[in-house]
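Those sequence lines, one after another, are chains A and B.
Here the first sequence stands for residues 6 to 863, where the numbers follow the numbering used here.
Here the second sequence stands for residues 125 to 377, where the numbers follow the numbering used here.
Do not rely on the hints blindly, as some may be mistaken.
Claimed, not checked - Straight-line C-alpha distance at most 30 Å; calculated DSBU-like pairs for lysine-lysine:
no., chain 1, residue 1, chain 2, residue 2
1, B, Lys133, A, Lys47
2, B, Lys155, A, Lys470
3, A, Lys509, B, Lys244
4, A, Lys47, B, Lys139
5, A, Lys357, B, Lys255
6, A, Lys47, B, Lys140
7, A, Lys57, B, Lys255
8, A, Lys371, B, Lys177
9, A, Lys47, B, Lys177
10, A, Lys46, B, Lys140
11, A, Lys509, B, Lys289
12, B, Lys294, A, Lys550
13, A, Lys388, B, Lys140
14, B, Lys255, A, Lys121
15, B, Lys255, A, Lys388
16, B, Lys341, A, Lys509
17, A, Lys371, B, Lys275
18, A, Lys470, B, Lys243
19, B, Lys326, A, Lys550
20, A, Lys357, B, Lys341
21, A, Lys550, B, Lys341
22, B, Lys289, A, Lys69
23, A, Lys509, B, Lys275
24, B, Lys255, A, Lys20
25, B, Lys133, A, Lys470
26, B, Lys289, A, Lys125
27, A, Lys57, B, Lys140
28, B, Lys155, A, Lys388
29, A, Lys371, B, Lys244
30, A, Lys550, B, Lys279
31, B, Lys294, B, Lys255
32, A, Lys69, B, Lys344
FYI, nobody ran anything at the bench for these hints, they're computed from the structure.
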Amino acid sequence: LSLTAQDLPLGDSQKYVIGDISVSGVTTYSENTVIAFTGLKKGDEIYLPGQKSSDIINKLWNTKLFSDVNLYITNIEGNVADIEIEVVEVPVLHEVKFTGIKKGKKEELIDENDLKPGAKVTENLITTTQNYIANKYRKDGFLNASAEIRTRKYEDTAQANSNMVNMVVDIDKGERVKVSSIEFTGNEKMKDKKLRGALKNTKRKNLIRFWKRSKYVPGDFEEDKKKLIDRYKEYGYRDARILSDTLIKEDEKNVAIKIEVEEGDQYYIGDINFLGNAAFTDAQLERTLGLDKGDVYNGVLMDERVNSREPNKNSIANTYQNNGYLFSQVDLVETNVYNDTIDFEVRILEGKETYFDQIRVVGNTKTKDHVIYREMRTKPGQKYSQEAVVNTIRELGALGFFDAENLSPEIINPDPQAGTVDLEYQVTEAGASQIELQGGYGGGGFIGTLGLSFNNFSIQGLFDKDAYRPIPMGDGQSLSLRAQASTFYQTYSLSFREPWLGGKRPVSLSTSFSYTRQFLYDYVNREADKSRSFDILGVSVGLAKRLTSPDQFVTISNSIGFQRYNLNNYNTGLFTFGDGFSNNLYYQLGITRDNTAVNPIFPTSGSKFSVIAKLTPPYSLWNGVDYGNLENEDDYQLRDDNGNLIDNNGNRVTAENSVPDTQKVDQKKYNWLEFYKVKFSGDWYNTLFSFGPSSNLVLRTHAEYGFLGAYNKDRGVVPFERFYVGGDGLGAYSLDGRETIQLRGYPNQSIVPIDRALDARDDGATIYNKYSLELRFPITLKPQASIYALSFLEAGASFDNFRDYNPFQLNRSAGLGLRIFMPTFGLLGIDFGYGFDPIVGQQGPNGWETHFIIGQQF
Amino acid sequence: CSEYQKLLKSDDTAKKYATAEELYTQGKEEKSNKKLRKSIRILEQIEPQFRGKPQGQRLSYMLADAHYQLGDYFVSPFEFERFQQLYANSEKTEEASFKEAASYYYRTPPYNLDQTDTKKAMEELQEYLNKYPQGEYADQASDMAAELQRKLEKKAFEIARQYHKTEFYKAAIASFTNFIADYPGTPFREEAFYYRFDSAYKLATNSVAFLMEERLKEAKTYYEAYKKYYPEGERMEEMNASLEDINSRLQNF
Chain A
6 LSLTAQDLPL GDSQKYVIGD ISVSGVTTYS ENTVIAFTGL KKGDEIYLPG QKSSDIINKL
66 WNTKLFSDVN LYITNIEGNV ADIEIEVVEV PVLHEVKFTG IKKGKKEELI DENDLKPGAK
126 VTENLITTTQ NYIANKYRKD GFLNASAEIR TRKYEDTAQA NSNMVNMVVD IDKGERVKVS
186 SIEFTGNEKM KDKKLRGALK NTKRKNLIRF WKRSKYVPGD FEEDKKKLID RYKEYGYRDA
246 RILSDTLIKE DEKNVAIKIE VEEGDQYYIG DINFLGNAAF TDAQLERTLG LDKGDVYNGV
306 LMDERVNSRE PNKNSIANTY QNNGYLFSQV DLVETNVYND TIDFEVRILE GKETYFDQIR
366 VVGNTKTKDH VIYREMRTKP GQKYSQEAVV NTIRELGALG FFDAENLSPE IINPDPQAGT
426 VDLEYQVTEA GASQIELQGG YGGGGFIGTL GLSFNNFSIQ GLFDKDAYRP IPMGDGQSLS
486 LRAQASTFYQ TYSLSFREPW LGGKRPVSLS TSFSYTRQFL YDYVNREADK SRSFDILGVS
546 VGLAKRLTSP DQFVTISNSI GFQRYNLNNY NTGLFTFGDG FSNNLYYQLG ITRDNTAVNP
606 IFPTSGSKFS VIAKLTPPYS LWNGVDYGNL ENEDDYQLRD DNGNLIDNNG NRVTAENSVP
666 DTQKVDQKKY NWLEFYKVKF SGDWYNTLFS FGPSSNLVLR THAEYGFLGA YNKDRGVVPF
726 ERFYVGGDGL GAYSLDGRET IQLRGYPNQS IVPIDRALDA RDDGATIYNK YSLELRFPIT
786 LKPQASIYAL SFLEAGASFD NFRDYNPFQL NRSAGLGLRI FMPTFGLLGI DFGYGFDPIV
846 GQQGPNGWET HFIIGQQF
Chain B
125 CSEYQKLLKS DDTAKKYATA EELYTQGKEE KSNKKLRKSI RILEQIEPQF RGKPQGQRLS
185 YMLADAHYQL GDYFVSPFEF ERFQQLYANS EKTEEASFKE AASYYYRTPP YNLDQTDTKK
245 AMEELQEYLN KYPQGEYADQ ASDMAAELQR KLEKKAFEIA RQYHKTEFYK AAIASFTNFI
305 ADYPGTPFRE EAFYYRFDSA YKLATNSVAF LMEERLKEAK TYYEAYKKYY PEGERMEEMN
365 ASLEDINSRL QNF
């Protein structure tokens, strides 16, 4: 007796005990495996047909390993039924080959269609892949592209029943189809040129057009036809329509397009009435609309001003959405058309004023709630505002802790009766840490750098062993550690920043600590003299606060710092004393206004100004030391080891002929540094030309000045804190509080005041100015990597005092370069600059210089 | 090349089975992660071959439990889940069901991070409790579920308290009102009543004149609410002082 389950009459199910279970059709799996999948055992009780038998089939289906599953009863003896499970395994892909395309494209197609070895080759996979590939090329203008897939059984010598197939994808791209001509008929009022301009993505062949190549893509053309009608609507032709459009195939490479339009009449705006508005007056809404009776009826603009829900667009719909009316509806209705004039009614259903109820965040697996909630512009109990939601997304993106592209707000439980709505922000954590590991030649030797910066650190987590995953994160603090060493110097630094000190207000606390040890470098023998050294220890603490007035772009910062310089037999031109110390206790005040937008890596508009003043206490006001007379005082005369007065040649002299000990004098002058320093810098960003939302040609205009002065003339300007102009501007090491100013096209720190003596050219200047114009164009602005090209004109100079200051005496340069910003590496760049002017001590233009830019942000 | 490495490369499944079992048992007893990891490597090799066979059940259980003992809570729930699917009639099913839920419990993050996993763990624990209301681990499972519930409460409470701290008092009042409604049995309830009052009080006293009266009165209702539930409450004294201030200010209107 042999019968299949399907042959049994329905409802006639009977209880059986399972006898033998056999499996047929398997090739790669063992029979036992298939039986294990079903969960059946010999001796189980089962109703046939029944729920359990279909469960078995479903279980096997769900493994997605089989393309067909059947269950048969092969034998029944008494109540014992033998079962056979028949399966057909889905073939598995062994290898895929492509014909008709370049090798480079192959990987891309494999990825996009999941054609990796081991993929299950179903009919569905084959069809979708064929369609995908053909469409992909059509989108690129290959109108006649087609793809054909063949599969062949793969014979594996090692395995008899391999069930594997090889796939061959034959791609025939055909020729890229260009548009040879676009002809319009029926247009009397609008010129051909204007209409062709409306077809944004369907362009004629043209030699001088290189921004947008001519190609024919059916989808784009459909879009463009809508744009053509919109163009008519903008000029009041609200009835304009396309009567027909014809595509004429001229040859394999070219098509001609013919479009027949009917223009209709040009219309003007008549009366506009508002209905249903209680929250806003007619006058307020009219102002938002900005269109008056008698204007040409620009249908596109009218629609935008009434209905647009795009953030930052001025429209009546947005006016309601940004002021609590989530459930508002706005409709524009033509009520009367007479001659060439149309009357309108703007019908408004305001709905109930709506308030945020619950505000939630999901997806923050590292960043703690309080860090996110404090940045939010949407709060429970606050009136609904679309604008606040958009701003919140922007603020959260700006934190840098989340993937800015994947931040999405979701409106949950909107309740028109209660007037409440919940909001859920979905965030995706992004890597907020950077590691800098760098080696290179600079300053005459090999320099190695190791830097770690954690931008979402948690100090509290340091004391919680569970927080190490692998480092404590999530409090929005930043911590960076850096060590740099070369043959003749080492520097270690640590800095920490808490952006919301106390958690109540955005007052940021910054602290830093650094230690540098430098040995005297012998340029002749190219080695460091370890017995002669120069140590710097520095600490600083600062508070910065963003102001609310005059506007929200202004930040004010205060800091106090201390640096101790310790010299141990370290004689250079810069320090007149070789043994001794110098302390620098200063207060720094900075005011910055930054409204650059939108992308901090590639601003396209706005400006950034900063004024920084750095001051020390004026010790000489009260300490009673007559610095001008030190050289004449008995204590400051040159003496030998036994205290006898000597001259510079070491010969003993009398008191009348004694010479001052300059080292001792300078040590006294600089034991506590006394100076003030003022710096100004300004940047303007202007988009000169926009080729699209993320391809703007941007001009950056930059100017900066710096001045270092002394309170007490006799004490003089300190040899610290000076300006060094020229080169890449990288502050490789801040030896003596020096500031390196970028001026491309010249060697590093080469732009010294023009009349410097040969032996004083390593000294910094006390005044400098610099101007630059930079044209920037983005190559890509994706979050993984932003790349832009630039060209620049720069000029700068440095001076020793205001007497010499000449704003027109500048070292000029020009050049071009490239910047790459990746979140994990920071900024990398290269610039080639040509210096038009000689550097001090040389003749003729300085010529070409190459600069590598690392990690510098500006 | 150690014995263990040789064994890994050999085809001797019987020996592998024995060694894996030994390593697993010892590892569990001695709390030796090294032994557990070693046993997992063998178990992963041989478990598929025994699937459906009598030994398969033991192997699948050991594999899941070894991950569980290691604290590998991202892997163990899947292994326990698979064990339950493959060997639904096993005597270990209840244990597996509990350990699956417990794995989710152990991997829940601190209250101030995303609580999706916490909600998932609560569902899993509830599923276990539904299946085995009198089960061996029922007490433990309900304790875990209660602890997770407190975690969710703490989260909502701290978010509301942040609005109070950053002086967004309206948001604080709305959040504490929601909190009181959403979590009736919470240990933070008294504090929530207090903070709601304090937010309303501070909002009122910092208001412009024409809003102040209404807001002072609102604050008073929150005072009454606290007093009703917590007449002997810890915050009573402090709140009485604020109430006096409210009453004296109200006399100006």
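We went through each hint and held it up to the structure:
1. Our distance criterion of 30 Å between C-alpha atoms is broken by Lys133/B and Lys47/A, whose separation comes to about 34 Å.
2. A distance of roughly 20 Å separates the Cα atoms of Lys155/B and Lys470/A; the hinted pair therefore holds under the 30 Å criterion.
3. The suggested pairing of Lys509/A with Lys244/B is violated, with an alpha-carbon distance near 33 Å, which exceeds 30 Å.
4. For the hint pairing Lys47/A with Lys139/B, the CA-to-CA distance comes to about 28 Å; that is within 30 Å, so the pair holds.
5. Note on Lys357/A and Lys255/B: the hinted pairing is violated, with a Cα-Cα distance of about 46 Å set against a maximum of 30 Å.
6. A distance of roughly 27 Å separates the Cα atoms of Lys47/A and Lys140/B; the hinted pair therefore holds under the 30 Å criterion.
7. For the proposed pair Lys57/A and Lys255/B, the alpha carbon gap of about 21 Å is at most 30 Å, so the pair holds.
8. A threshold of 30 Å between alpha carbons decides the hint, and for Lys371/A with Lys177/B the separation of about 44 Å lies outside it, so the pair is violated.
9. Restraint check: the Cα-Cα separation between Lys47/A and Lys177/B comes to about 12 Å, which is no more than 30 Å; the hinted pair holds.
10. A C-alpha spacing of about 26 Å is found between Lys46/A and Lys140/B, which places the hinted pair at or below 30 Å, so the restraint holds.
11. For a cut-off of 30 Å, the pair hint linking Lys509/A to Lys289/B stands: about 6 Å separates their Cα positions.
12. A threshold of 30 Å between alpha carbons decides the hint, and for Lys294/B with Lys550/A the separation of about 24 Å falls inside it, so the pair holds.
13. Only pairs whose Cα atoms come within 30 Å are accepted, and Lys388/A paired with Lys140/B is rejected, the gap being roughly 67 Å.
14. Pair hint Lys255/B plus Lys121/A does not hold up; C-alpha atoms about 42 Å apart against a cutoff of 30 Å.
15. Between Lys255/B and Lys388/A, the direct Cα distance comes to roughly 46 Å. Violation of the 30 Å bound is thereby established for this hinted pair.
16. The hinted pair formed by Lys341/B and Lys509/A meets the criterion: a straight-line CA distance of about 27 Å does not exceed 30 Å.
17. For the proposed pair Lys371/A and Lys275/B, the alpha carbon gap of about 17 Å is at most 30 Å, so the pair holds.
18. Pair hint Lys470/A plus Lys243/B holds up; C-alpha atoms about 24 Å apart against a cutoff of 30 Å.
19. For the suggested pair Lys326/B and Lys550/A, the alpha carbons sit about 24 Å apart, so the restraint of at most 30 Å is met.
20. Taken as a hint, the Lys357/A and Lys341/B pair is honoured in the structure, with Cα atoms around 25 Å apart against an allowance of 30 Å.
21. The suggested pairing of Lys550/A with Lys341/B is violated, with an alpha-carbon distance near 36 Å, which exceeds 30 Å.
22. With a CA separation close to 54 Å, the supplied pair Lys289/B and Lys69/A exceeds the 30 Å bound.
23. Between Lys509/A and Lys275/B the CA atoms are separated by roughly 24 Å; this keeps the pair inside 30 Å, and the hint holds.
24. Restraint check: the Cα-Cα separation between Lys255/B and Lys20/A comes to about 27 Å, which is no more than 30 Å; the hinted pair holds.
25. Between Lys133/B and Lys470/A, the direct Cα distance comes to roughly 38 Å. Violation of the 30 Å bound is thereby established for this hinted pair.
26. For the hint linking Lys289/B to Lys125/A, the alpha-carbon distance of about 57 Å lies beyond 30 Å, and the restraint is violated.
27. Between Lys57/A and Lys140/B the alpha-carbon distance is near 36 Å, which puts this suggested pair outside the 30 Å criterion.
28. Distance hint between Lys155/B and Lys388/A is unfulfilled; the C-alpha atoms sit about 57 Å from each other, more than 30 Å.
29. For the hint pairing Lys371/A with Lys244/B, the CA-to-CA distance comes to about 18 Å; that is within 30 Å, so the pair holds.
30. Between the alpha carbons of Lys550/A and Lys279/B the distance comes to roughly 29 Å, so the proposed pair stays at or under 30 Å and holds.
31. For the proposed pair Lys294/B and Lys255/B, the alpha carbon gap of about 44 Å is over 30 Å, so the pair is violated.
32. With a C-alpha separation of about 65 Å, the suggested pairing of Lys69/A with Lys344/B is violated against the 30 Å cut-off.
Violated hints, in rising order: 1, 3, 5, 8, 13, 14, 15, 21, 22, 25, 26, 27, 28, 31, 32; the structure is consistent with all others.
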